[in-house]
Each structure stands twice: as structure tokens, then as C-alpha cells.
Amino acid sequence: MNATYEKLEKAEAMKFKKHMKRLDLAGAISCAPDKNERFVLRTCAGYLDRLLGAFPLANRQTIDLLVWILGPDIVEIGEALLENMNSRDKEKYESELKENILDPEEAAGLIHRITRNFGRKEWTAFVAVSRSALARRSKTLAYSGQSDIEKKLGVLSKMFSLSEQEQTMAGFLYIISAWQQGEDYFVDYLHCQDISGRRYLKIILRMTDREMTAALTGTLARIELYGSFSN
Numbered sequence: 002m003n004a005t006y007e008k009l010e011k012a013e014a015m016k017f018k019k020h021m022k023r024l025d026l027a028g029a030i031s032c033a034p035d036k037n038e039r040f041v042l043r044t045c046a047g048y049l050d051r052l053l054g055a056f057p058l059a060n061r062q063t064i065d066l067l068v069w070i071l072g073p074d075i076v077e078i079g080e081a082l083l084e085n086m087n088s089r090d091k092e093k094y095e096s097e098l099k100e101n102i103l104d105p106e107e108a109a110g111l112i113h114r115i116t117r118n119f120g121r122k123e124w125t126a127f128v129a130v131s132r133s134a135l136a137r138r139s140k141t142l143a144y145s146g147q148s149d150i151e152k153k154l155g156v157l158s159k160m161f162s163l164s165e166q167e168q169t170m171a172g173f174l175y176i177i178s179a180w181q182q183g184e185d186y187f188v189d190y191l192h193c194q195d196i197s198g199r200r201y202l203k204i205i206l207r208m209t210d211r212e213m214t215a216a217l218t219g220t221l222a223r224i225e226l227y228g229s230f231s232n
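With the sequence shown counted from 1, adding 1 to any position gets you the numbering used here.
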């Protein structure tokens, strides 16, 4: 009886995965993001804000994600960098920043070149500016009602009576499986799926050790929603 029930659960989980694949919109965000894109960007903005608050990571991968989340608001970062430059650096970078700051591919590389030799004080200031920009971006991405992604996650939650932590984990799993930017940063760079990256995952999802263990070994594990996560 239990074996039959588990098979039914896994079958329903597979149906859910197929539904979510239909919502796979990974790639460049449009200039006028829809609710699904807004949900993903706002969620990732929260992830990155919490991460930067605990681990002020100074690297190209973090800047890549920041540029993607902020979209056109990355202009704020360019302006802040210029304001804090000495005259020599401003002469060196001003025209390039103004010309390329709205080009996602160019902006990340340019910002990294400017910040890679920052000392602790300068990087701390850059992180503060970035977190403020993320907060403002999150507000501008607000929307009424629910996105299709949230509705599907809600169905999953009701279907399997997920805990609050399991619901949070399910949202994270969607983002890293359906969005290339999420996979690149949270999986390939931070290794959140491994034990070595668990410290980052706890901060990102705002969970304690006990809550994380429960989320990783409970219903989602039983229905095999996890891919390469290490328990």
C-alpha cells in the first residue's frame, strides 16, 4: 500500500515538473517583464541581497547576476562608481560607462574591471550601493495578483501539504532548474546543491540548520523533486 502511494506521489511530482517546464522562460528579460519574470527577478533580488549582507562576495559571477537582476537600473551602479572615482579613473572609465552600462554583456565585464582592485572599504561601499539598488528594483517589479509560477507552486504545496520551508525550497529549485542565470550562479558557482555550499543556501533561503535538514529530507526528497542535491 505504501509503495503504491509513493508511486502515485512521484507520478504527480512528474506532472508538476512538466507543467513547470512549460513556464521555462530562461534567457534575456524583456524590457517590460511579465509577472513570471517579475517573480523570478524579485526572488533573485532577495537572494542576492541576503547573500551580500552576509558574504560581500567580490567577483565577476556576483556582478553578472547583479546586472541581470537590475536590468536598466544598473545605471544607478554606474553613476555611483563614477561619483566615487578619483579624477584619473573617471577620465579612464567615464565614457565607457556611459556608452556600455545598459548593455548586459558589456556592463558586467566593465564593472568587474573597475571593482576588481577595490580595497575592503571600497568594496563595502559598492555592496551597500548594490543592496540599495536591489531593494529599489524589487519595489519597481511589484505586481498585483500571482504569476503562473506562483500558482503552480501553490498547487504543489497543496497537493503534498508542504511546510513553509519546503515551499521556499520548491521556489528555489524552480529558479535553478528553469533559469540559466540561477543555475550559473547558485549551482555552478556557489554549489548550493552540495554540502560545501550549504552555508550560502541557508542565508539565501533564511533557514536554520534544523529547517534546512527538514526541507532537504522531507516530502520534496520523497517525491524526488530534488535533482543533484546532496542531503
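Mixed in with the good hints, there may be bad ones.
Claimed, not checked - Here are the computed distance ranges between Cβ atoms for each label pair: (1) Ala215 - Ala136: 48 to 56 Å; (2) Glu106 - Ser162: 39 to 47 Å; (3) Ile196 - Arg121: 38 to 46 Å; (4) Lys159 - Glu100: 35 to 43 Å; (5) Arg137 - Lys159: 16 to 24 Å; (6) Lys159 - Ala55: 12 to 20 Å; (7) Arg121 - Glu151: 21 to 29 Å; (8) Ser96 - Thr209: 31 to 39 Å; (9) His192 - Lys122: 45 to 53 Å; (10) Glu184 - Leu103: 20 to 28 Å.
These are computed hints drawn from the structure, not numbers from a lab.
Computed from a prediction, not measured in an experiment: that's the story for all the values here.
Built from N, CA and C at the ideal position, the CB exists for glycine as well.
Hint check:
Taken as a hint, the range 48 to 56 Å is violated for the pair Ala215 and Ala136, whose Cβ atoms sit roughly 30 Å apart. For the pair Glu106 and Ser162, the beta carbons lie near 44 Å from each other, so the given range of 39 to 47 Å is met. In this structure the hint that Ile196 and Arg121 lie 38 to 46 Å apart at CB is violated, the actual value being about 29 Å. Taken as a hint, the range 35 to 43 Å is violated for the pair Lys159 and Glu100, whose Cβ atoms sit roughly 50 Å apart.
The given range of 16 to 24 Å is broken by Arg137 and Lys159, whose C-beta atoms sit roughly 34 Å from each other. A C-beta distance of roughly 32 Å is found between Lys159 and Ala55, which places it outside the suggested range of 12 to 20 Å. Take Arg121 and Glu151: their Cβ atoms lie about 39 Å apart, and the range 21 to 29 Å is violated. Against the hinted window of 31 to 39 Å, the Cβ-Cβ separation of Ser96 and Thr209 comes to about 49 Å, which falls outside the hint.
Distance hint check: the CB atoms of His192 and Lys122 are about 29 Å apart, inconsistent with the given range 45 to 53 Å. As the Cβ distance of Glu184 to Leu103 is approximately 25 Å, the hint placing it in 20 to 28 Å holds.
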